[in-house]
Each structure stands twice: as structure tokens, then as C-alpha cells.
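Line by line, the protein sequences are chains A and B.
Under this note's numbering, think of the first position of the first sequence as 1111, with each following residue one higher.
Under this note's numbering, think of the first position of the second sequence as 9, with each following residue one higher.
Incorrect hints may appear among the rest.
Stated by the list, open to error - Heads up, simulated SDA-like pairs for lysine to any residue below, C-alpha to C-alpha not over 25 Å straight-line:
id, chain 1, residue 1, chain 2, residue 2
1, A, Lys-1284, B, Glu-17
2, B, Lys-20, A, Asp-1246
3, A, Lys-1124, B, Glu-53
4, B, Lys-20, A, Arg-1229
5, B, Lys-20, A, Arg-1113
6, B, Lys-20, A, Glu-1288
7, A, Lys-1124, A, Arg-1139
8, A, Lys-1284, A, Glu-1236
9, A, Lys-1124, B, Glu-36
10, A, Lys-1124, A, Val-1187
11, B, Lys-20, A, Glu-1265
12, A, Lys-1124, B, Arg-51
13, A, Lys-1284, B, Val-27
14, B, Lys-20, A, Glu-1283
15, B, Lys-20, A, Arg-1277
16, B, Lys-20, A, Glu-1224
17, B, Lys-20, A, Met-1111
18, B, Lys-20, A, Ala-1271
19, B, Lys-20, A, Ala-1291
20, A, Lys-1284, A, Pro-1243
21, B, Lys-20, A, Ala-1240
Stated by the list, open to error - Stretch-level coverage of chain B by chain A, calculated; a stretch enters the list once three of its residues show a Cβ under 8 Å from a Cβ in chain A:
id, segment
22, 21-29
23, 35-44
24, 48-56
As the list claims (entries may be wrong) - Label pairs and their in silico Cβ distance ranges:
id, chain 1, residue 1, chain 2, residue 2, range
25, B, Arg-55, A, Ser-1198, 31 to 41 Å
26, B, Pro-68, A, Thr-1173, 20 to 30 Å
27, B, Arg-50, A, Ala-1276, 39 to 49 Å
28, B, Ser-31, A, Arg-1199, 18 to 28 Å
29, B, Arg-50, A, Ser-1198, 29 to 39 Å
30, B, Ala-47, A, Ala-1291, 46 to 56 Å
31, B, Ala-76, A, Ala-1175, 35 to 45 Å
32, B, Glu-67, A, Glu-1136, 36 to 46 Å
Calculated directly from the structure, the hints in this document are not laboratory data.
Note that the coordinates shown come from a computational prediction; the quantities given were computed from them, not determined experimentally.
Cβ coordinates follow ideal geometry from the N, Cα and C atoms, glycine included.
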Amino acid sequence: MDREIELRLVVRLKAGDPAAFEAIYEAYRPRLFGFLARLSRRRDVAEDLLEETWLRLVTRSETLADDARLGPWLFTVARNLYFSWRRSRAVDEARTSDLDPAWPAPERGDSPFEAAARRELERRVETALARLPLRDRELLLLVGVEGLTPSEAAEACGVPAVTLRARLHRAREKLVAEMDADRAVARARAG
Amino acid sequence: MTRWEPEDEVAKDLSALRVHDASPERVERTRARCVAVLAARRREEARGGRAAPWRAWLEPVLALGLGALYLAEAVTRALAVYR
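Hey, can you work out the whole structure from these sequences and the hints?
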């Protein structure tokens, strides 16, 4: 979202303008949902936390700083809500994997071959992400998928930027290792 | 690697993941709840704004008056003890 537009939306949201809320909701809702769904690996939990995140935004909109960055603000709230939910339920990471890997989403206008190749790559990335420890997954989601800068992600995660960069580096290596392992299994099955 | 470079293959793979959304019913429910919160806030502010002219001076005067009465009574009782 363009920064000038974002700043204007913040001012209007602080004044309680529903049109500003609508614009922010449309811009960030799918990204927030994807983040929460990939983090929790549960659609129902992601939807609950998504709703709570937006309610937090509107109930606290008056206290937003005039120069607030909506993306980092929303992802920070969503992330904190997820970790609160996890703590409250004493969630076992190994048991939270009921997210359907075949997400219902429209296909792009690729040829059948391109579509199949893209689906396979997506499956591999999604599977590798899902296998990573939660702390690694959240970093890759915030920076790699959602496009937050490492500094913004560090703020969202409540860690120093230097620490986050080191963790991000390790998370990336783990993801590559998972994808390589998945590829090796696929080759072994095919061969 | 400390930044996501455009030519980085992993970064490309991650950023190319499809965007997903909540169910349409949930999207609508969340929107309605949030708009209702904003509308309630605006109503509240409008009510507060209308009441402001008289509340602005009446509240401090009442508080000051009651405070003075309380203080006067306290002083009177204290003096009565020492007389």
C-alpha cells in the first residue's frame, strides 16, 4: 500500500470513518488470513484470530499513532493473538496440522503443464513451511511471504533486528533442507 | 543472508505462494462487527459533543463545590474536637 494513502487512511480510521476501515480491510485481510492459517495450520483458528485482529484495530484505532504503519501493526497483533491462543490451549505443535493443503483458490491462466508445475512447487513450499518449527515458520511468513522488512518483523516478534536476521538466515536454510528432502523422496518414489 | 534479495530462489518461491482468504460468511461477519463498533463510537462521540457545552462548566463547578463542602465539614469537625 502506498505510504501516502496509508497515512491518510490512518487519520480517517482514527476519526472512525467506516470507508477507511473498508479500504484497510480489503487490502490486508487475505494477507492476514494467510499468515494466521499458515502459522496455526487450522482454518477455524485462523478465522477466529482474524476477526479478533480486526476488532482490535477498530476498538484501538483512536490510539494509533498518526504515522502508524498498518501492516506491521496488524501482523504484530495477529501474531500476538496467535501466541496467546497457543498458550491458553497448551497447543501441541504436532497435532495442529489439519489445514487442508489443497486451498480453494482460483487458478491463474497458465497452461495445464505450467499449472501442474506451479501447484507442485507450491505444495513443496507449503509442506516444507508446515514442517518447520513455529518460530522459524513465523519469520519466513512475515518476511518472505508477507513482505515485512526484517526490522518490521523484528518489532512484530519483539526481538532485536540482529537476532531476527540470524534466525531468519537459519530458518531459510531449514526451509531449503526440507524442500530438498521432499524432492529427494519424490525422486526416489518416481525412480 | 540478511536480506531477501530479488534473485533469491527461496524468496521467489515464498512470495509466489497464493493468497487465500477466510470464508465469505466470516469475511462479512467480521466486516459487520467492525463497522458496528465504529458506528457505535461515532454515535457516542456525537452524544458527547452535544452535551459538551453545559458539561464543560457544570462538572468542574460541581466537583469544586462538593470538594469545598467536604473540606469545610472536615475542618469544622476537627475544630469541634479540640474545643
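The hints, checked one at a time:
no.	hint	result
1	Lys-1284/A x Glu-17/B	14 Å, holds
2	Lys-20/B x Asp-1246/A	18 Å, holds
3	Lys-1124/A x Glu-53/B	12 Å, holds
4	Lys-20/B x Arg-1229/A	15 Å, holds
5	Lys-20/B x Arg-1113/A	24 Å, holds
6	Lys-20/B x Glu-1288/A	16 Å, holds
7	Lys-1124/A x Arg-1139/A	19 Å, holds
8	Lys-1284/A x Glu-1236/A	13 Å, holds
9	Lys-1124/A x Glu-36/B	22 Å, holds
10	Lys-1124/A x Val-1187/A	17 Å, holds
11	Lys-20/B x Glu-1265/A	24 Å, holds
12	Lys-1124/A x Arg-51/B	15 Å, holds
13	Lys-1284/A x Val-27/B	23 Å, holds
14	Lys-20/B x Glu-1283/A	15 Å, holds
15	Lys-20/B x Arg-1277/A	19 Å, holds
16	Lys-20/B x Glu-1224/A	16 Å, holds
17	Lys-20/B x Met-1111/A	20 Å, holds
18	Lys-20/B x Ala-1271/A	22 Å, holds
19	Lys-20/B x Ala-1291/A	19 Å, holds
20	Lys-1284/A x Pro-1243/A	9 Å, holds
21	Lys-20/B x Ala-1240/A	18 Å, holds
22	21-29	holds (count 9)
23	35-44	holds (count 7)
24	48-56	holds (count 3)
25	Arg-55/B x Ser-1198/A: 31 to 41 Å	36 Å, holds
26	Pro-68/B x Thr-1173/A: 20 to 30 Å	26 Å, holds
27	Arg-50/B x Ala-1276/A: 39 to 49 Å	46 Å, holds
28	Ser-31/B x Arg-1199/A: 18 to 28 Å	22 Å, holds
29	Arg-50/B x Ser-1198/A: 29 to 39 Å	33 Å, holds
30	Ala-47/B x Ala-1291/A: 46 to 56 Å	52 Å, holds
31	Ala-76/B x Ala-1175/A: 35 to 45 Å	41 Å, holds
32	Glu-67/B x Glu-1136/A: 36 to 46 Å	42 Å, holds
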